[in-house]
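A.B. asks: Take a look at the letters that make up each chain.
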Amino acid sequence: MFRIVKKRELAENICLMNVEAPRVARSARPGQFVIVRVDDRGERIPLTVCDYNREEGWVTIVTQVVGRSTRKICALNEGDGFADFVGPLGKPSEFVYENIDELRSKRILFIAGGVGTAPVYPQVKWLKEQGAHADVIIGAKNKSLLILTDEMRQAAENLYIATDDGSEGFKGLVTDCMRELIDRQGKKYDVVVAIGPMIMMKFVAKTTLEYGIKTIVSLNSLMVDGTGMCGACRVSVGGKTYFTCVDGPEFDAHQVDFDEAMRRQGMYKTIESRIEKMEREKAEGHSCRIGLDK
Amino acid sequence: MANKIPRVPVREQEPRVRATNFEEVCYGYDEAEAVLEATRCLNCKKPRCVEQCPVSVKIPQFIQAVAGRRFDEAARIIAQDSLLPSVCGRVCPQETQCEGACILGMKGEPVAIGKLERFVGDWGRENGIRPAAVPEKNGIKVAVIGSGPAGLACAADLAKMGYTVKIFEALHKAGGVLEYGIPEFRLPKSRVVAAEVENVKRLGVEIETDVVVGRTVTVDQLMDEEGYAAVFIGSGAGLPRFMNIPGENLNGVVSANEFLTRANLMKAFDGEYDTPIYVGKRVAVVGGGNVAMDAVRTAARLGAEATIVYRRSEKELPARVEEVHHAKEEGIEFRMLTNPVEVLGDENGWVRGLRCIRMELGEPDASGRRSPVEVKGSEFDIECDVVIMALGTSPNPLISSSTAGLETNRRGCLVADERTGATTRPGIFAGGDAVTGAATVILAMGAGRQAAGAIDAYIREKNGMETSESSR
Chain A
0 MFRIVKKREL AENICLMNVE APRVARSARP GQFVIVRVDD RGERIPLTVC
50 DYNREEGWVT IVTQVVGRST RKICALNEGD GFADFVGPLG KPSEFVYENI
100 DELRSKRILF IAGGVGTAPV YPQVKWLKEQ GAHADVIIGA KNKSLLILTD
150 EMRQAAENLY IATDDGSEGF KGLVTDCMRE LIDRQGKKYD VVVAIGPMIM
200 MKFVAKTTLE YGIKTIVSLN SLMVDGTGMC GACRVSVGGK TYFTCVDGPE
250 FDAHQVDFDE AMRRQGMYKT IESRIEKMER EKAEGHSCRI GLDK
Chain B
0 MANKIPRVPV REQEPRVRAT NFEEVCYGYD EAEAVLEATR CLNCKKPRCV
50 EQCPVSVKIP QFIQAVAGRR FDEAARIIAQ DSLLPSVCGR VCPQETQCEG
100 ACILGMKGEP VAIGKLERFV GDWGRENGIR PAAVPEKNGI KVAVIGSGPA
150 GLACAADLAK MGYTVKIFEA LHKAGGVLEY GIPEFRLPKS RVVAAEVENV
200 KRLGVEIETD VVVGRTVTVD QLMDEEGYAA VFIGSGAGLP RFMNIPGENL
250 NGVVSANEFL TRANLMKAFD GEYDTPIYVG KRVAVVGGGN VAMDAVRTAA
300 RLGAEATIVY RRSEKELPAR VEEVHHAKEE GIEFRMLTNP VEVLGDENGW
350 VRGLRCIRME LGEPDASGRR SPVEVKGSEF DIECDVVIMA LGTSPNPLIS
400 SSTAGLETNR RGCLVADERT GATTRPGIFA GGDAVTGAAT VILAMGAGRQ
450 AAGAIDAYIR EKNGMETSES SR
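These protein sequences, in sequence, are chains A and B. Using numbering that gives the first Met the number 0, you'd call the opening residue of the first sequence number 0 and step up by one each time. Using numbering that gives the first Met the number 0, you'd call the opening residue of the second sequence number 0 and step up by one each time.
FYI, nobody ran anything at the bench for these hints, they're computed from the structure. The reader is advised that the hints may include incorrect statements.
Said to hold, decoys possible - Between beta-carbon pairs, the in silico distance windows are:
id: 1; chain 1: A; residue 1: 261; chain 2: B; residue 2: 376; range: 36 to 46 angstroms
id: 2; chain 1: A; residue 1: 74; chain 2: B; residue 2: 372; range: 55 to 65 angstroms
id: 3; chain 1: A; residue 1: 142; chain 2: B; residue 2: 243; range: 41 to 51 angstroms
id: 4; chain 1: B; residue 1: 378; chain 2: A; residue 2: 142; range: 34 to 44 angstroms
id: 5; chain 1: A; residue 1: 142; chain 2: B; residue 2: 345; range: 37 to 47 angstroms
id: 6; chain 1: A; residue 1: 52; chain 2: B; residue 2: 225; range: 19 to 29 angstroms
id: 7; chain 1: B; residue 1: 14; chain 2: A; residue 2: 143; range: 57 to 67 angstroms
id: 8; chain 1: B; residue 1: 365; chain 2: A; residue 2: 261; range: 21 to 31 angstroms
id: 9; chain 1: B; residue 1: 71; chain 2: A; residue 2: 80; range: 37 to 47 angstroms
id: 10; chain 1: B; residue 1: 244; chain 2: A; residue 2: 261; range: 18 to 28 angstroms
For glycine and all other residues, C-beta sits at the position ideal for the given N, C-alpha and C.
Construct the complete structure from the given sequences, taking the supplied hints into account.
C.D. replies: See the structure below:
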C-alpha cells in the first residue's frame, strides 16, 4: 500500500495528496506522471506528478473529481493508501535537459488551466531553483476554483490570474490575458508551456501560432498501463501517431491534432456516465426493467 | 496393445453456452480419463517428446506415474522442470512440440501430453502438493525484470540454486501475459495463474509490483546501488503494432493489447470492477494469430457479433488449430483473404465500418508462406463499430534505451546469446519475447531456464566458485 501522508483540499472537488512512494520520489522529474489505483477493483488513473521530496520519499498528486474513480481518490484521507502507485512515467520536460545558461536567458510563459496548475507548479519551481525565470498565467472559471496561487506566486517571476467571470484578476480567458501581456504590456516570450483542459491547450496553441512562439503542451490522454503496451493514448502529432505515455506527455502544441485528442479522450464517457447513472438509480431503489443493469 | 486405445477425448463446455460466459472452455481430464490416456504412452527409450519440450519436462516418467495412479509423484516429476504445469498444459502449442513428435502420432493420434500435464498440475494444486524445499540461501542477489513466463521460470530455477531472487513487475499484478493477455476462458486467473505464481513465491522468490524498470529504477541502479549480482530481462513484447491506414485513430479502434488488458487484467467483464470496455454491436478483429482469436472470442462473449479479418487464407492462420476450431464453434465469422485499407468513421469520429480489399495468394515469401496480393478494384465495406488490431507487437524500448551498452537488433529486440541469454553487457541476461519478439509462453520459459543456468555459471566464475551441478 502507498500511504497518504498529507491531504489538503485546494478547492471544491480538488484535493492535493502527498503519497509515500520512495522509488517514485527518487526518480521523478518535472513533466512526468504516475498511475494510481485506489483499490483492487479500481481503474488505473494517470495523474501528473506535482511535486516530490526525494529525502522523505513522497510524491504530490492533485486530483479533480470528474468521475467515479477520481471521486474514490478524493474520498481517501491521510493514513489511507492507494493499492498501486507506479511511476514516474513519460518523459521529463524538455527543459530538464537544456543548457542552464541558455535556459536562464529564455523568457518562458506558463499557462495553467484549472487543475493543470498543479503540474505547472513543479516546473516553475524547478526553473527558479536553476536560476531561470518564468511568468505564469493561471486561468479558472471563477475565484473559488483557483488553486496553488500562493505557492505559484513564490516561484514565478510574475503571476497573472484570469477568471472567466472576473471574480479575480483579469476577466476573460487565458488566451485573452496572454494577448494583453504581449500586445499591451509589450512582453516577449520565447516559449509557452500550456497545461490544462484540452480545449484550453488547443486555443493557446492557435494563439501562439499567430505570434510564432514555440509552444509545449502536456496531454492527458486515456491510458491503461502507461508503459507503451496498450496504445490507448495514441495521439497524432505532425501527422504521425505517437503514444502519450512513452513519447510524451509533452508535445509540440503546433503539431498536435487537438480535435482528435479531445474526441479520443471521450471514448469511454458514455459508458462511464451510464454506469454512474445505473449506480445512482440502484442506490435509489430503481432496478432497470429492460435489463440494462444485468 | 496400449496404442490401440483411441486418444481419450476431453470434455468441453457446450459452444453455444460458453460463447456467452467467461468460464473455462475445456474441462480437462478426470482421474479415470487421465489414467486411461496415460496407458497409451509407449514409454519410448529415446523419448522424442522431451527433445521437443523447451523446458525438457520428463514426459514419459510423469505419464508412467499417472498410469500407475501415482499422481503426487507425477506432480513432483514435472515440478523438477516446470512450476507452471497447469498453465502450460492449457496454453502450450503441444501439436508442434511434444505431441507433434509423439511416435503414436505417425499413424494415429499422439498421446494427449498437454491434457495430462494439465491434469497433473491441477491435481497437484488441488491436493496441496508444494514445490520441494529450497536449499539454503547463498546470499547472492539476482534481479529478474518481468513476472511473465520467462521471468517466473528464470526466478524459480535461480531460487532452487540458492540465490536470493526478486522479480520486478511493471503492472499491479504478477503473471505478465498470463494475466493481461490470455483470457479467463482459456486460462483461469485466480485458480490457475495466481496459484502457480504463488508456488514460485514459495521457493522464496520475492515479487515487487508497480516497478517500471527503465523509469522507476534503472538496470544500473539495481546492480550498483541495490546490490544485484546479475539481472535477467524478461520484459515481454511491448508495443502494439498498427496498420498505418487512414482512420486508425477513430474512436472504437483499439489494439488487442488494450482490449485484452481491459478484459483480463482489469476484469472489465466483471461488473464489480470499475474498468470500462467498449464492444459495440459488431467487432472486426484484424489478424490471424492466437491473440486475434483471444480478442475475437472475448468480444463475442461480451455480446458483440465478432469477425476475424485476415489477409491470407485459412491454411496460413498463425493461430493454433484448436483456437481456430473453438472460435468457429462459438460462431465467430472468418473473413479470409481480406485486408483492411481504411477505417470508416461517422460524423462524430466513431468507427462505422472497415473498408477492405480482397487478396489472393502469390509467391511464397521469406517465411515460406504464400504472400497475399491485392485484387485490384475489389474494395468492399464491412459494417462494424469496433475494430481491434491484433497485428503483433514490437519490443518496448524502455529498458534498452535506459541501459548503456545493451544492444538491440534491427527490430528493436535485445541482442542475446541463443543458448545462454547473455546480452552485450556482462551480468545482464535476457530471454522471452524481449529477445525473440512475440512467441509462446513455453519458449519464454525455456529461455528463462537457460538464462538461469548461465547466470549461475557467470556468478560462480566471477566469484571463483565451482560450477553448479544442479543448474539444470
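A.B. asks: Would you mind marking each hint as holding or not holding in the structure?
C.D. replies: Here is how each hint holds up against the structure:
Taking the beta carbon of each, residue 261/A and residue 376/B are about 37 angstroms apart, inside 36 to 46 angstroms as hinted. With their beta carbons about 58 angstroms apart, residue 74/A and residue 372/B fall inside the hinted range of 55 to 65 angstroms. In this structure, residue 142/A and residue 243/B meet the distance hint of 41 to 51 angstroms, their C-beta atoms being roughly 48 angstroms apart. Separation of residue 378/B from residue 142/A is about 57 angstroms and departs from the stated range, judged on CB atoms against 34 to 44 angstroms.
For residue 142/A and residue 345/B, the Cβ-Cβ distance of about 41 angstroms falls inside the hinted range of 37 to 47 angstroms, so the restraint holds. One distance hint, 19 to 29 angstroms for the beta-carbon pair residue 52/A and residue 225/B, holds here, with the actual separation near 21 angstroms. At about 59 angstroms, the CB distance of residue 14/B to residue 143/A agrees with the hint of 57 to 67 angstroms. Taken as a hint, the range 21 to 31 angstroms is violated for the pair residue 365/B and residue 261/A, whose Cβ atoms sit roughly 42 angstroms apart.
At about 41 angstroms, the beta-carbon gap between residue 71/B and residue 80/A stays in the expected band of 37 to 47 angstroms. Between residue 244/B and residue 261/A the Cβ separation comes to about 22 angstroms, which falls inside the hinted range of 18 to 28 angstroms.
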